[in-house]
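There are 2 protein chains.
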Amino acid sequence: MATALALELFRKGCIIQEIWSRENKHSRILAQKVKAKSVQKIEKMNSETDLFIIAVKDDFVSEVAAKIPGKNPFIVHTSGTVDLKELKKISSHAGVIYPLQTFTKKSKVDFTRLPILIEGSSSLIEKRILEVTKKLSEIVQRIDSTQRKKIHLAAVFVSNFPNYFYSIAETILKKEKVPFELLIPLIEQVTSNLKTSPPSSNQTGPAVRKDKKTMKRHLELLKNEKEWQKIYRSVSKGIMQHTFENKK
Amino acid sequence: MATALALELFRKGCIIQEIWSRENKHSRILAQKVKAKSVQKIEKMNSETDLFIIAVKDDFVSEVAAKIPGKNPFIVHTSGTVDLKELKKISSHAGVIYPLQTFTKKSKVDFTRLPILIEGSSSLIEKRILEVTKKLSEIVQRIDSTQRKKIHLAAVFVSNFPNYFYSIAETILKKEKVPFELLIPLIEQVTSNLKTSPPSSNQTGPAVRKDKKTMKRHLELLKNEKEWQKIYRSVSKGIMQHTFENKK
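Residue numbers (the numbering used here), protein chains in the order written: chain A, 1 to 248; chain B, 1 to 248.
Keep in mind the hints are simulated off the structure, nothing from the lab. Owing to the predicted nature of the structure, the values given are computational and were not obtained by experimental measurement. Just to be clear, a hint being listed does not mean it is correct.
In this list, chains with the same sequence are indistinguishable; a pair is considered to hold if it fits within one copy or across any two.
Derived pair list, reagent style EDC-like, types lysine to aspartate or glutamate, alpha-carbon separation capped at 16 angstroms [stated by the list, open to error]: (1) LYS25 to GLU48; (2) LYS35 to GLU18; (3) LYS88 to GLU63; (4) LYS237 to GLU225; (5) LYS195 to GLU181; (6) LYS44 to GLU220; (7) LYS150 to GLU181; (8) LYS213 to ASP59; (9) LYS212 to GLU86; (10) LYS85 to GLU63; (11) LYS12 to GLU63.
The whole structure should be built from the sequences, with the hints applied where relevant.
Written out as structure tokens, the structure reads:
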């Protein structure tokens, strides 16, 4: 996230003064890419900096924020789960820039279409955050901390969990010497359906049909994978109990 | 499925002679669209027909097949889970045409890029099935019944299950008055990542990082949704135990 964000801000003409990272090597590499200075201690950073962006693991946000020098520095974090309150304890110029996206090392992220969820400790701060984020994306939305946490949870359901299911499928197919690529058109169709109708009206498959025979056969095929069986059961049960707008 | 397949075959120049459906009204509507005759009894169908395609619910494939008239009719089914054996009991000219896709009433399916998995009771039968299916799609692959059942299981994991998670997210966001559309770029990114690297190397999120604090917070947010909590737990446990090629 830190890397993607710094590179994109740099590309959009922002001046990045300094980079700090827990791993000194990382900060040197990134600093070089964005023509910034790599610093070893947060406390030694330039206190006159316009904006400090904290893009570290959620658990370290407060710790890092507390070390930033200057009186009332303008600090934002990029986390989906950390409450703005945490930064407000440290500075009254505090905010959040949360790009609603998954960053893997290989993936190319199109920032223009990436929703950025922002929050600020005051309307002035929010306005300044908006100025920065507008450079990155066309979709910038004001979202408060409570909403953001829920969106983060929803994001886990729509990105991390499906990706895990893709890798279960990858493993199943590998055993049959069938390439995973065969499933990509199907995956894309499910995604593409979201553009014409909400997911609750697109549900298909054995569970929504309450087709117990097929589910039983699937569980039988998973007999050597107890963990996946459990997942199959809990998700199918969820689908069977869920009230969908438009049953197929 | 029956509708989509009949329309597409018709569009590609195949002559569709007769349509039968459990619901007489359905068969009349479809027959009209593809310039075919709607028949009320399977037993009365033209026994000289080149190919009978059985696109009914899995549980009824055998029952329908048994009623098809003629000696050794050329019959195929379109199911992911029914073994070819079931049709071989009825005719020695038997096969499978399984389009690896999800059909909802609203979705537009691009057949050209839709993998069609075929199987035949002999190499001659397979060749004839190939001739038909090549008209529909560029991706036709020979897959035996055992493989097909596994692929069907994998398809549930990559399509029905993710779609259910999208509708969980839809419900979570609705309560926050946040539109579901906000999540679409994220969903598309996850899918797009599959084209550059396999899912097992794209896993992100709290579970793969073993970030127990975030997972605990998520479970807390789901405290009024016991079923989703259970799903969250079982999927996260699966991710934590899974060995991914490339941990982030």
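(message) For LYS85 and GLU63, with the copy left unspecified, which applies at a CA distance of at most 16 angstroms: within, between, both, or neither?
(response) within (14 angstroms within a copy, 65 angstroms between copies)
I want to check one pair: LYS213 and ASP59. Are their C-alpha atoms no more than 16 angstroms apart within a copy, between two copies, both, or neither? This pair counts as between: shortest inter-copy Cα distance 8 angstroms, intra-copy 46 angstroms.
- Message: Regarding LYS88 and GLU63, is the shortest C-alpha distance of 16 angstroms or less found within a copy, between copies, in both, or in neither?
- Response: within (13 angstroms within a copy, 69 angstroms between copies)
Checklist entry - Using 16 angstroms as the alpha-carbon threshold, which applies to LYS237 and GLU225: within, between, both, or neither? => result Close across copies (13 angstroms), not inside one copy (18 angstroms); limit 16 angstroms.
Query - Identical-chain pair category, LYS150 with GLU181, by Cα at 16 angstroms - result: For LYS150 and GLU181, the Cα distance is within 16 angstroms only across copies (15 angstroms; inside one copy 33 angstroms).
Check your understanding: How would you label the pair LYS12, GLU63 (within, between, both, or neither) given a Cα cut-off of 16 angstroms?
Key -> neither (29 angstroms within a copy, 65 angstroms between copies)
When no copy is named, should LYS25 and GLU48 be tagged within, between, both, or neither for a Cα gap of at most 16 angstroms?
-> Neither, since 25 angstroms and 75 angstroms both go past 16 angstroms.
Checklist entry - When no copy is specified for LYS35 and GLU18, does a C-alpha distance of 16 angstroms or less occur within a copy, between copies, both, or neither? => result Intra 9 angstroms, inter 71 angstroms, cutoff 16 angstroms: intra-copy only.
- Message: One pair to classify: LYS44 and GLU220, alpha carbons no more than 16 angstroms apart. Within, between, both, or neither?
- Response: neither (61 angstroms within a copy, 38 angstroms between copies)
- [ ] Evaluate LYS195 and GLU181 at a C-alpha cut-off of 16 angstroms and name the case that applies: within, between, both or neither.
- [x] Answer is between: at 8 angstroms across copies they meet the 16 angstroms cutoff, but 23 angstroms inside does not.
At most 16 angstroms between CA atoms: does that hold for LYS212 and GLU86 within a copy, between copies, both, or neither?
The answer is neither: 49 angstroms in one copy and 19 angstroms across copies each exceed 16 angstroms.
Hint compliance for this structure: hints 1, 6, 9 and 11 are broken, all remaining hints hold.
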